[in-house]
Amino acid sequence: MKYKDYYRIFGIDRNASAAEIKAAYRSLARKYHPDVSKEPDAEEKFKEISEAYQTLKDPQKRAAYDQLGRYQSGQEFKPPPDWQKQYGDVPFSFDDIDLSDLFSDLRGGRQRDGQRNRNVPIPGQDYEANVHITLEEAYFGAEVELDLNMPEYDANGMPRRMPHAFKTRIPKGATDGQRLRVPGKGGKGFNGGPSGDLYLNIVLRPHALYRPSGYDLYLDLPLAPWEAVLGASVKVPTLGGLVRLKIPEGTSAGQHLRLPKRGLPNPHGGQGDLFAIVQIVVPSVISERERQLYKQLAGGSAFNPRGHFDQEVHHAS
Amino acid sequence: MRVELTEVRWLDQHHKLSLADLSGLSGLTEAELLELVDYGIFVPVDPKAAERTFRADCLVLARTASRLRRDFDLDIQGLALALTLLERIHELEAQLSDLRARVPGRLT
Chain A
4 MKYKDYYRIF
14 GIDRNASAAE
24 IKAAYRSLAR
34 KYHPDVSKEP
44 DAEEKFKEIS
54 EAYQTLKDPQ
64 KRAAYDQLGR
74 YQSGQEFKPP
84 PDWQKQYGDV
94 PFSFDDIDLS
104 DLFSDLRGGR
114 QRDGQRNRNV
124 PIPGQDYEAN
134 VHITLEEAYF
144 GAEVELDLNM
154 PEYDANGMPR
164 RMPHAFKTRI
174 PKGATDGQRL
184 RVPGKGGKGF
194 NGGPSGDLYL
204 NIVLRPHALY
214 RPSGYDLYLD
224 LPLAPWEAVL
234 GASVKVPTLG
244 GLVRLKIPEG
254 TSAGQHLRLP
264 KRGLPNPHGG
274 QGDLFAIVQI
284 VVPSVISERE
294 RQLYKQLAGG
304 SAFNPRGHFD
314 QEVHHAS
Chain Z
-5 MRVELTEVRW
5 LDQHHKLSLA
15 DLSGLSGLTE
25 AELLELVDYG
35 IFVPVDPKAA
45 ERTFRADCLV
55 LARTASRLRR
65 DFDLDIQGLA
75 LALTLLERIH
85 ELEAQLSDLR
95 ARVPGRLT
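These protein sequence lines are chains A and Z, in that order.
For reference, each letter of the first sequence is one residue, going 4 to 320 in this note's numbering.
For reference, each letter of the second sequence is one residue, going -5 to 102 in this note's numbering.
Hint data in this document are derived by calculation from the structure and do not stem from the laboratory.
The model shown is predicted, which means the values in this text are computed figures rather than measured ones.
The beta carbon of each residue, even a glycine, is placed where N, CA and C say it ideally should be.
Incorrect hints may have been included.
Stated by the list, open to error - No more than 20 Å apart at the CA atoms, straight line, and that leaves these computed lysine to aspartate or glutamate pairs for EDC-like:
hint, chain 1, residue 1, chain 2, residue 2
1, A, Lys41, Z, Asp65
2, A, Lys41, Z, Glu87
3, A, Lys88, A, Asp69
4, A, Lys34, Z, Glu81
5, A, Lys25, Z, Asp51
6, A, Lys175, Z, Asp6
7, A, Lys41, Z, Glu24
8, A, Lys170, Z, Asp67
9, A, Lys50, A, Asp38
10, A, Lys298, A, Asp276
11, A, Lys264, Z, Asp92
12, A, Lys60, Z, Asp65
13, A, Lys25, Z, Asp67
14, A, Lys34, Z, Asp67
15, A, Lys50, Z, Asp67
16, A, Lys175, Z, Glu1
17, A, Lys41, Z, Glu81
18, A, Lys264, A, Glu252
19, A, Lys175, Z, Asp51
20, A, Lys170, A, Asp150
21, A, Lys64, Z, Asp15
22, A, Lys5, A, Glu23
23, A, Lys60, Z, Glu1
24, A, Lys50, Z, Asp65
25, A, Lys264, A, Asp179
26, A, Lys34, Z, Asp65
27, A, Lys48, A, Asp129
28, A, Lys48, Z, Glu85
29, A, Lys25, Z, Asp69
30, A, Lys48, A, Asp38
31, A, Lys175, A, Asp61
32, A, Lys48, A, Asp101
Stated by the list, open to error - For the chain Z half of the interface with chain A, some residues (derived, Cβ under 7 Å), not all of them:
hint, residue
33, Val2
34, Arg61
35, Arg63
36, Asp67
37, Ala74
38, Leu90
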């Protein structure tokens, strides 16, 4: 079992008062609670903080923790022999147990007979996990394998972290932030208690071409100046394959060209759209002949792209 | 290691949960949920129906509410305020994400 220094997590002295412990918890919880925090490691931090508080706020658990001795954070250790006698009377291995599990099972300063009451069903814990998928996986649906370390109980009712591998089918049309519930796939229950549920939060990986907004997708469509002026028919990649898009004559940069039903599928019917946002790009290097042609165009065109500047200046003066 | 294929359930507006389900799955009591209904945090599918049902995506907010209540010792009034502000943040983040999608990227 690895030691965790709960006092160090709170940044307080080992003989801190209950009020100081509470104040430290409140301050850190406000900063790291995963439901309100934007800190990158908020979830992990809050788990630590919460675990430390669950033990230190309870005078009997705190006394049991203090009697474990002092070690470096992360250091492998075993509780002293008399500790086990005092707080749990059934011998069990401390090797694959987490410190938080040990203390979550201490009630009123005394372990529940080392064994859980065989007649009381205990429901398993719910578990939440982020699932990162590509836009292609969202479009076609996917089977993803999840390796999760779930809290569950052994035959004696002692808590353990057990690795669980699931293959889960992510249905097509799961967009960013979509939550899915996998009933009964959380931590296992004990004494016939129901298993917890697994909650999946879909996170779409950034894509090189498309930016999703709900079921719609946005794609930058680079056009050469002459394609924008004269119109063209260009190939556009969509998640369902290449399609031809007709560029109307006189298309300007920034215009959104809509490709209906080429976005993400809505699992309840229909499909989002793909919007191609026109960008007019120019070659950074041109040949002498091209230069001549552009000069010819410049000399022969009456087009003034900044005509409205003159109007505004006229109105202002 | 055993690998099994499992099916998922959508938590969205197309699926419904009863008050008892929402309570059982979120950890909030039915009384707490009904108080939050009074504050307008949860809106039943048919507010006039005797048996209240909720959109399944309410469960996401209800679980958040349950955690906030437990971890911060919030009373229902404080919880309702925190949830209102969180929902507002989520709406603004969704708007920001939508606007970002519409802004052309830099072509290289």
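*If you check each hint against the structure, which ones fail?*
5, 7, 8, 10, 18, 21, 22, 23, 28, 31, 35, 36, 37, 38
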